[in-house]
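Trainee: Modelling step: build the complete structure from the supplied sequences, incorporating the hints.
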Amino acid sequence: MTSLVQAIIDGLMVGGVYAVISIGLTLVFGVLGIVNFAQAEFLMLGMYIAYFAWAALGLDPLAGAFLAFGIVFALGYGLQRTIIQRVLKAPAVSQVFLTVGLLIVMENGALLAFGSQIRSVTTAYQTKSLQIGPFFVSLPYLAAFLMSIASGVSLWWVLNRSWLGMAIRATAIDPMAGRLIGINIDRVMAIAFGLGVGLTAFGGAVVLPYLSVFPTAGSQFVVLMFTVAVLGGLGSVAGAVVGGLAVGVITSVSALMFPIQLQNLVLFLVFIAILALRPDGLMGRA
Amino acid sequence: MDIFVNRRRVLGMGGAALATALMPRLAKAQQGQDINVGVVLPLSGPSAQFGINSKNGLELAVEELNAAGGIKALGGAQIRLIVADSTSAPTAAATAAQRLIAQNEVVAVIGAYVSSLTLAVSEVMERRGIPLLTISYADQLTERGFKTVFRLNPKASTLGQAQVTGSIEIAAASGAKLERAAILYEDTAYGTSQSAGLRKASQAAGLSLVMDEAYPQGITDVTPLINKLRASEAQVVFAVSYLNDTLQIVRTMRQQKVLLPVVGGAGGFILPEFASALGELSEGVLSVNSSNYDLDEAHAKRYRDRFNYPMVHDAIEHAALIEVLGQSLETAAATTSEALRGAVAAKRFEGGWLDGMPGGAADFDDTGHNVLAEPIMIQWRSGEMATVWPTERQKMKPVWVS
Chain A
1 MTSLVQAIID
11 GLMVGGVYAV
21 ISIGLTLVFG
31 VLGIVNFAQA
41 EFLMLGMYIA
51 YFAWAALGLD
61 PLAGAFLAFG
71 IVFALGYGLQ
81 RTIIQRVLKA
91 PAVSQVFLTV
101 GLLIVMENGA
111 LLAFGSQIRS
121 VTTAYQTKSL
131 QIGPFFVSLP
141 YLAAFLMSIA
151 SGVSLWWVLN
161 RSWLGMAIRA
171 TAIDPMAGRL
181 IGINIDRVMA
191 IAFGLGVGLT
201 AFGGAVVLPY
211 LSVFPTAGSQ
221 FVVLMFTVAV
231 LGGLGSVAGA
241 VVGGLAVGVI
251 TSVSALMFPI
261 QLQNLVLFLV
271 FIAILALRPD
281 GLMGRA
Chain B
1001 MDIFVNRRRV
1011 LGMGGAALAT
1021 ALMPRLAKAQ
1031 QGQDINVGVV
1041 LPLSGPSAQF
1051 GINSKNGLEL
1061 AVEELNAAGG
1071 IKALGGAQIR
1081 LIVADSTSAP
1091 TAAATAAQRL
1101 IAQNEVVAVI
1111 GAYVSSLTLA
1121 VSEVMERRGI
1131 PLLTISYADQ
1141 LTERGFKTVF
1151 RLNPKASTLG
1161 QAQVTGSIEI
1171 AAASGAKLER
1181 AAILYEDTAY
1191 GTSQSAGLRK
1201 ASQAAGLSLV
1211 MDEAYPQGIT
1221 DVTPLINKLR
1231 ASEAQVVFAV
1241 SYLNDTLQIV
1251 RTMRQQKVLL
1261 PVVGGAGGFI
1271 LPEFASALGE
1281 LSEGVLSVNS
1291 SNYDLDEAHA
1301 KRYRDRFNYP
1311 MVHDAIEHAA
1321 LIEVLGQSLE
1331 TAAATTSEAL
1341 RGAVAAKRFE
1351 GGWLDGMPGG
1361 AADFDDTGHN
1371 VLAEPIMIQW
1381 RSGEMATVWP
1391 TERQKMKPVW
1401 VS
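Respectively, the protein sequence lines represent chains A and B.
Everything in the first sequence is counted per the working numbering, starting at 1 for the first residue and increasing by one.
Everything in the second sequence is counted per the working numbering, starting at 1001 for the first residue and increasing by one.
Bear in mind the hints are in silico, worked out from the structure with no lab data behind them.
Be aware that one or more of the hints could be misleading.
What the hints assert, rightly or not - Mimicking DSS-like on lysine-lysine, the simulated pairs with C-alpha atoms at most 27 Å apart in a straight line are:
| no. | chain 1 | residue 1 | chain 2 | residue 2 |
| --- | --- | --- | --- | --- |
| 1 | B | K1301 | B | K1147 |
| 2 | A | K128 | B | K1228 |
| 3 | B | K1072 | B | K1257 |
| 4 | B | K1177 | B | K1257 |
| 5 | A | K128 | B | K1257 |
What the hints assert, rightly or not - Calculated Cβ distances over 12 Å to all of chain A for the following chain B residues:
| no. | residue |
| --- | --- |
| 6 | D1034 |
| 7 | N1036 |
| 8 | N1053 |
| 9 | I1101 |
| 10 | Q1103 |
| 11 | E1143 |
| 12 | Q1235 |
| 13 | S1337 |
| 14 | K1347 |
All C-beta atoms in this analysis are idealised placements derived from N, C-alpha and C, irrespective of residue type, glycine included.
Mentor: Right, dumping it as structure tokens:
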């Protein structure tokens, strides 16, 4: 029983992070209607920004996360205006090639710019945990979880309570109608793309205290990210949160009963079962 | 999946072209023809650090050999390394080897560090009858009846046994008796065959294995493993892991207050990044190893001066492979693969860069296994690795931190 509760705690912690990195993916799909295969590379970029902010400025990765968000938001905004926008009305194949191409460019660009070595930060809380009775809550996990939840709540607030959020939602529902009522659709889409990749980069920075960064670090998360987004319902922000927490808990609890190598097997069995019953995902828009 | 392979291959080709273009032209007159030697190493992806260390070791040894007059039996022929990136995918490694053979007329190939990659490369080499010199640990490399594979290092299972035996002896010397151990290993060829050695030696030593678990190499959350470890009541953990997973394991254990000694199985435990990332947590950590820089300080210093990085085991052993290759070419006095293979198989090698190997020499049996290879154990002391076991190779007395 103790180990089950412990597994659920751990699962929720990592699940929170899975949620925030997947929100970006789902937001981009929801608003722009394209599946960004390069999404995980922005996570890698966020990790690098946080790493260099730590190495050069002594900034803790949790603070560096805001820097990562800012820089990657600007980059995403620019990318959307210059290249993504051009394929929005193109066939799906072109969109896939563009984002896969972006993935290749970013991964190899990182290899050229930063070299292939594995880099890792050292922080004081990295090897600490809170002990509550028989349970352990890892501090770097808790920090990553809280930061993720805070960013998720902020995004929810922006989407539901601000003019910008309304514009984003309107664009997601019907771009044409949005344009008719005076929304600058192109700008809103660029902002949505920037927010999407920025949040993923933010997620990358907050996991840096317990993981390491290298040019292919993003690829460790690609499958996870898509699983979370599809499980929750691609395009639904709330779905990404539910999906992220579910994936975290499923993988963590499955490790109690099965060897950790079967973690993904268990995850995908559950994944297939859920999609069979709810093809649009847990919170999918019907 | 194809697209990934191609992308990395293209990158590898670019890297190889760049590396050849940047190779220093030596002032020495080139009397003989250049001898092309293929190199397949992971230069991108999660194992790239090992590939780079290996490549540096090769380059330094080749530069020195060429500067000293090249292969004298072949009129001073110079060795030319043709480097290709294997990435982390076995198919890409095999393709890289194939390309080196087809396009560069290589007499031998050196690589590919990661056992699962070397296994793929060895299939290609065996078909073409061209010698493959390697430092990879996985047992099956020399257990498939191949005639062209030569492995300088001990087998993974031998390293696994040394990991257990060394730990028991070091613990016993400070009055601790080990009874219960846990094994954690990454699930590719290297981890799997080394864990077999761990299991065998534990059984022989009467050490009960209270946990024995493999995990995938790209793991991003090791907490489930550490939770199990805590419940297992092990007294020592034997971990066979690369760098990324090693850091996660050591940090998470500390977080969860599972304060057992971790004895590493080479891989990520014997990189300078291990100590720089973990700081004081690295102090006193033991790991099995196949060579160490304190065994041959003269060569190691030349490397450190040149690359501003310690001469880690991958660099030492790859430099030693160049020693083997150079001496074989002198004996063979020919550049055919068959003559070279014969020389590598027949000769006993010693001296030069081989001084850095614990046995100080190499002699390959019919399977290509170096019968003079010996495992050692190192301990992290103030940010440097000291050879502490076995006693006859010891440079510093080990401390058992429990």
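Trainee: Each of the hints needs a verdict: does it hold here or not?
Mentor: Status of the hints after comparison with the structure:
| no. | hint | verdict |
| --- | --- | --- |
| 1 | K1301(B) - K1147(B) | violated (36 Å) |
| 2 | K128(A) - K1228(B) | holds (18 Å) |
| 3 | K1072(B) - K1257(B) | violated (60 Å) |
| 4 | K1177(B) - K1257(B) | holds (22 Å) |
| 5 | K128(A) - K1257(B) | holds (8 Å) |
| 6 | D1034 | holds (28 Å) |
| 7 | N1036 | holds (25 Å) |
| 8 | N1053 | violated (10 Å) |
| 9 | I1101 | holds (25 Å) |
| 10 | Q1103 | holds (22 Å) |
| 11 | E1143 | holds (24 Å) |
| 12 | Q1235 | holds (20 Å) |
| 13 | S1337 | holds (31 Å) |
| 14 | K1347 | holds (35 Å) |
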